[in-house]
Amino acid sequence: MNNKPALTLTRPELLDYLWSAQNEHGYIRSEDIDACSNALGISRIEVEGVISFYHFFHRQPSGEFTIYLNNSVVSESKGFARVKEAFEMATGGTFNGVDPSGQWGLFETACIGLSDMEPAALIDFYPFTNLNSLKVRDIVAKLKQGVSPAEICDPVPDHIRAVPEGEKAILLRHYDPGIALAKLCDLTPQTVLEEIKRSGLRGMGGAFFPTGLKWEACRKDPESPKYIFCNADEGEPGTFKDRVLMNALPGLMLEGMAIAGYAVGSSIGTIYLRAEYTWMKDKLQHTIEHFRKMNLLGKNICGIEGFDFDIRLQLGAGAYVCGEETAMLNSLEGKRGEPRNKRFYPTERGYMQKPTVINNVETFCAAARIIQLGADHYLQTGTPASPGTKLLSVSGDCRLPGIYEIEWGTTVREILEQSEADRPYFIQVSGPSGECISMDEADRKISMDDLVSEGSIMIFSRSRDILNILRNYNRFFKHESCGLCTPCRAGNFILEKKLALFADKLALQSDVDDVQSWGKIMQLTCRCGLGKTAPNALLMAQQKFPDYFETIVNANPERLNKGFSLKEAVREYDRFSS
Amino acid sequence: MSKAKTKSNGKAGKAATRANNLITLTIDGKEIETEAGRNLVQVANENGIFIPSLCYFENIEPPLGTCRVCTCRVNGAAGPACTESVKDGMVVETNTDELKDARKAIVEMMFSEGNHFCPGCQKSGDCDLQHMGYEMGLTQSRFPHVFKDRLIDFNPRRMIMEHNRCIKCLRCVKEVFTDDGKAVFSFRYRGNETRVGIDYVEEARLSEQQAIDAMHLCPTGAIMVRGEGRARPFGARRFDMQSMQDKAPEIDPEITLPAEKKSIATISLAGCFGCHMSLLDIDLKLIDLVNIVELNKSPLNDIKEFTHQCDIGLIEGGCCNAENVEVLREFRRKCDVLVAFGECAIWGGVPSMRNTIPLGECLEEAYLNCITSMPDECMVPYHEDLPKILDKVYACNEIVDIDYFIPGCPPDANHIWKSVLSLVAGKPLSVLYSEFKYD
Chain A
1 MNNKPALTLT
11 RPELLDYLWS
21 AQNEHGYIRS
31 EDIDACSNAL
41 GISRIEVEGV
51 ISFYHFFHRQ
61 PSGEFTIYLN
71 NSVVSESKGF
81 ARVKEAFEMA
91 TGGTFNGVDP
101 SGQWGLFETA
111 CIGLSDMEPA
121 ALIDFYPFTN
131 LNSLKVRDIV
141 AKLKQGVSPA
151 EICDPVPDHI
161 RAVPEGEKAI
171 LLRHYDPGIA
181 LAKLCDLTPQ
191 TVLEEIKRSG
201 LRGMGGAFFP
211 TGLKWEACRK
221 DPESPKYIFC
231 NADEGEPGTF
241 KDRVLMNALP
251 GLMLEGMAIA
261 GYAVGSSIGT
271 IYLRAEYTWM
281 KDKLQHTIEH
291 FRKMNLLGKN
301 ICGIEGFDFD
311 IRLQLGAGAY
321 VCGEETAMLN
331 SLEGKRGEPR
341 NKRFYPTERG
351 YMQKPTVINN
361 VETFCAAARI
371 IQLGADHYLQ
381 TGTPASPGTK
391 LLSVSGDCRL
401 PGIYEIEWGT
411 TVREILEQSE
421 ADRPYFIQVS
431 GPSGECISMD
441 EADRKISMDD
451 LVSEGSIMIF
461 SRSRDILNIL
471 RNYNRFFKHE
481 SCGLCTPCRA
491 GNFILEKKLA
501 LFADKLALQS
511 DVDDVQSWGK
521 IMQLTCRCGL
531 GKTAPNALLM
541 AQQKFPDYFE
551 TIVNANPERL
561 NKGFSLKEAV
571 REYDRFSS
Chain B
579 MSKAKTKSNG
589 KAGKAATRAN
599 NLITLTIDGK
609 EIETEAGRNL
619 VQVANENGIF
629 IPSLCYFENI
639 EPPLGTCRVC
649 TCRVNGAAGP
659 ACTESVKDGM
669 VVETNTDELK
679 DARKAIVEMM
689 FSEGNHFCPG
699 CQKSGDCDLQ
709 HMGYEMGLTQ
719 SRFPHVFKDR
729 LIDFNPRRMI
739 MEHNRCIKCL
749 RCVKEVFTDD
759 GKAVFSFRYR
769 GNETRVGIDY
779 VEEARLSEQQ
789 AIDAMHLCPT
799 GAIMVRGEGR
809 ARPFGARRFD
819 MQSMQDKAPE
829 IDPEITLPAE
839 KKSIATISLA
849 GCFGCHMSLL
859 DIDLKLIDLV
869 NIVELNKSPL
879 NDIKEFTHQC
889 DIGLIEGGCC
899 NAENVEVLRE
909 FRRKCDVLVA
919 FGECAIWGGV
929 PSMRNTIPLG
939 ECLEEAYLNC
949 ITSMPDECMV
959 PYHEDLPKIL
969 DKVYACNEIV
979 DIDYFIPGCP
989 PDANHIWKSV
999 LSLVAGKPLS
1009 VLYSEFKYD
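Those sequence lines, one after another, are chains A and B.
According to the working numbering, the residues represented by the first sequence are 1 to 578, in order.
According to the working numbering, the residues represented by the second sequence are 579 to 1017, in order.
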């Protein structure tokens, strides 16, 4: 204890240090924890608390090759179970552990942003897509021969399927580096702010807070320094639009961040990139360096005196809840990614209690386009309530999964037609935390005043079982809850038990009523958006698909039997009968 | 714990500015004048408006906002009261049906999520969770108990971490530090796996008093200090006698005996007959009892079979075997009103301690691998005359509909007596706070 710590580390660097330790040894050793705890002057348990929060950090050896197979709902419907079995057969290991030889670590993980190419897996964080049993056998054989995952991983195409015609395309149009930043030479920070406000741009991450107001609040706050964060922690299952934006137009995002820095008076930008997108890290890093060389980042950008802005990358470590902005702030500060109490906006007390702007990748890209094209151009697309365009990640049962840039106001039916959906039946808009709709609602418009979407549409055909979908969502939320507030931590767990009754064909109408009332309690009392929205799909599905639930609910008029089967309850004892 | 000191030192300063810092807010229609910036839970409770709270602890700043038991509507928006500072013109609703039900549900969730065996807990009677249950008149949880297997950590030098009882309020994480500022506790994992981790090294560096303070900081019995869990007798514990909501001394209501005679049947399933013994503790009122009820099938009179349809059935104990299930179903058929009395009938109680462990393991441990069993000569009893053992102990209302619940392990004799009287007379139940217990 009296030794001078060999390591110098600040708390926000903790995640980076843990990553480097894990990359070196395959897991985080006790020595690494000692080193952090000594360098930071915190107890070991605090470091353990941080490590155990993130599901990509391991405290045990995680195998020479670490395989993360996506268990999201789309993956399940595309053959997850067969692929999982194939991995187990080929490697000799079992999932959520390491095989006896220590070579293969097999883990399930939540959506990895490749829903257009499911089933998909990450092997040592390199993407492998459109998996099937044959392909898995082939991959494992090659890895056994000593080929590295980097050499055989799959390319990740952007799958841009549709863009609005002509000048109406906003995001996915021709791009040259510096195209938006060049406009700043003629604009003061105040006019940039006015332009963004006039465009009516809202946050595209799902909360739809007016971006101009957010930037203005941050600019007006007397505290400094101010921070700009780009939320690239796209974790909502079925969403992959930010992946495509960062892959196709990484520069546009950087320009958007720099514009935000210019408008609010900040020179520090950080991208919080989800660990599932580690394979994109080098590309983003190169783009940042390229921008620095072109004087699009750094000091006196574009020759504008005093306009300094630089960007660094921060890698997450696996936690859906870190997409919630205050949880992300905690994660960036090197803590457990638990959402904060909503006492202050991040623009008042954000990163390190300083004024902070957090926007999503798509929002920054749209902001850059607004400065490039002008708010008037932007206002000509979309609807009066929601001007502009929106990127949708379409996946599930359709022939053309991928990215669709749509004008706000497009109907669900148009999207289903464009993507050549197969007998659509159950459509999940905005991910598991969003809204599910039946075909009766297919003419609803994707817009602020009707059906909002953060950017995902998952299509399920008639052959999919609704209960399976809902149980997948429930498992996801149960696993991804931060565990801080009672209704989310316990509520999702309790709902899982209840849904098991439905699956065992033991549920009564009273169980349907219970789910409705318990879900509403969660919506009312949870601490953050995760818990508040976790029961959404379940509640709506029961309301919108009454026929389905009638068939699986046991209409028992007697008071003698409540979801209990004596035959099942004595099954375990009966094995002692011989 | 230095934060606590600075707060109390600041009181003199506060008094000086009191006059020009006054604001008016409305809670449940009542106008209240107070200083700006004070905590809403405190302001409400001082003014006779009870807002239940669990994680909230006066000296922790910023407030934790984890348990959500104090959920209210502030200017229309739902959120925890403990994280709100009062402002001028604030309109607060605390006692709508929606909010009362939601708050009760959260306390129920805590009971369902943890493994809270009150009769065996040293903190019983001094436990904030139990206290909230009493204040809300919580007789049972609407949620199924999840019976997750949790550890009891005996490794720390001075403390015992009883993870079964932890409600993850975050108090210890935010407030217990060594003298050089190192956290002794931290949350580990996440989701329903979340638990409080304790740092053995730092724990050993706490002084005796700091360790005891940590135990008292814990709202339940999750943090215990060895040798310090002194049980006090009933009546002498923190939450035994006096409700927080009604400060007036309790007056036993006048009860007139109903004229009409009703028939009652009773049974003990997976219980210990303790509830029946408690029933006999009504002493002289037993004479009243035989005047107002006719006992049918019951162990008290040894009548084995129902002779006719009964008005009221009292069930002690949950269901641990197939016979219990059959008897319970017979009671449901033969009794118009079915009452679960005692914790075992309500949610499983002490016998359900086995629910966290698979049945096979329990039986193997008891009959095959136990220290007195002879190798190759032992077996798990199995015979057609023996009732089959269920995979877990079920609460009665998991199997049939139950109409009323009388909590307690065992329930207080007066509690049973008054409940039976109210049922016979068809009147609403009125039980005193001091008679309402889980242990």
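It is worth saying that the hints were derived from the structure and are not from the lab.
A couple of the hints might just be wrong.
Below, computed lysine-lysine pairings styled on DSBU-like, alpha-carbon distance capped at 35 Å [unchecked claim]:
id: 1; chain 1: A; residue 1: Lys342; chain 2: A; residue 2: Lys281
id: 2; chain 1: B; residue 1: Lys726; chain 2: A; residue 2: Lys498
id: 3; chain 1: A; residue 1: Lys445; chain 2: A; residue 2: Lys335
id: 4; chain 1: B; residue 1: Lys882; chain 2: A; residue 2: Lys335
id: 5; chain 1: B; residue 1: Lys752; chain 2: A; residue 2: Lys505
id: 6; chain 1: B; residue 1: Lys608; chain 2: A; residue 2: Lys520
id: 7; chain 1: B; residue 1: Lys839; chain 2: A; residue 2: Lys520
id: 8; chain 1: A; residue 1: Lys342; chain 2: B; residue 2: Lys752
id: 9; chain 1: A; residue 1: Lys335; chain 2: B; residue 2: Lys608
id: 10; chain 1: A; residue 1: Lys135; chain 2: A; residue 2: Lys197
id: 11; chain 1: B; residue 1: Lys752; chain 2: A; residue 2: Lys532
Some chain A residues well away from chain B (every beta-carbon gap over 10 Å; in silico) [what the hints assert, rightly or not]:
id: 12; residue: Gly49
id: 13; residue: Ala442
id: 14; residue: Leu484
Quick reminder that beta carbons are idealized off the backbone N, C-alpha and C, glycines included.
Verification of the hints:
1. A:Lys342 with A:Lys281: holds (32 Å)
2. B:Lys726 with A:Lys498: Roughly 15 Å between the alpha carbons, so the hint for lysine 726 of chain B and lysine 498 of chain A holds.
3. A:Lys445 with A:Lys335: With a Cα-Cα distance of about 40 Å, the restraint between lysine 445 of chain A and lysine 335 of chain A is violated, given a limit of 35 Å.
4. B:Lys882 with A:Lys335: violated (64 Å)
5. B:Lys752 with A:Lys505: violated (45 Å)
6. B:Lys608 with A:Lys520: Holds, because 28 Å separates the two Cα atoms, which is no more than 35 Å.
7. B:Lys839 with A:Lys520: Not satisfied, since the Cα-Cα distance of roughly 43 Å exceeds 35 Å.
8. A:Lys342 with B:Lys752: Holds: lysine 342 of chain A and lysine 752 of chain B sit about 18 Å apart, inside 35 Å.
9. A:Lys335 with B:Lys608: Roughly 42 Å separates the two Cα atoms, so the pair is violated.
10. A:Lys135 with A:Lys197: violated (50 Å)
11. B:Lys752 with A:Lys532: holds (25 Å)
12. Gly49: Violated, because the least Cβ-Cβ distance between glycine 49 of chain A and chain B comes to about 3 Å, which does not exceed 10 Å.
13. Ala442: Fine: 33 Å to the nearest Cβ keeps alanine 442 of chain A off the interface.
14. Leu484: The assertion about leucine 484 of chain A is violated, with a minimum of 5 Å to chain B.
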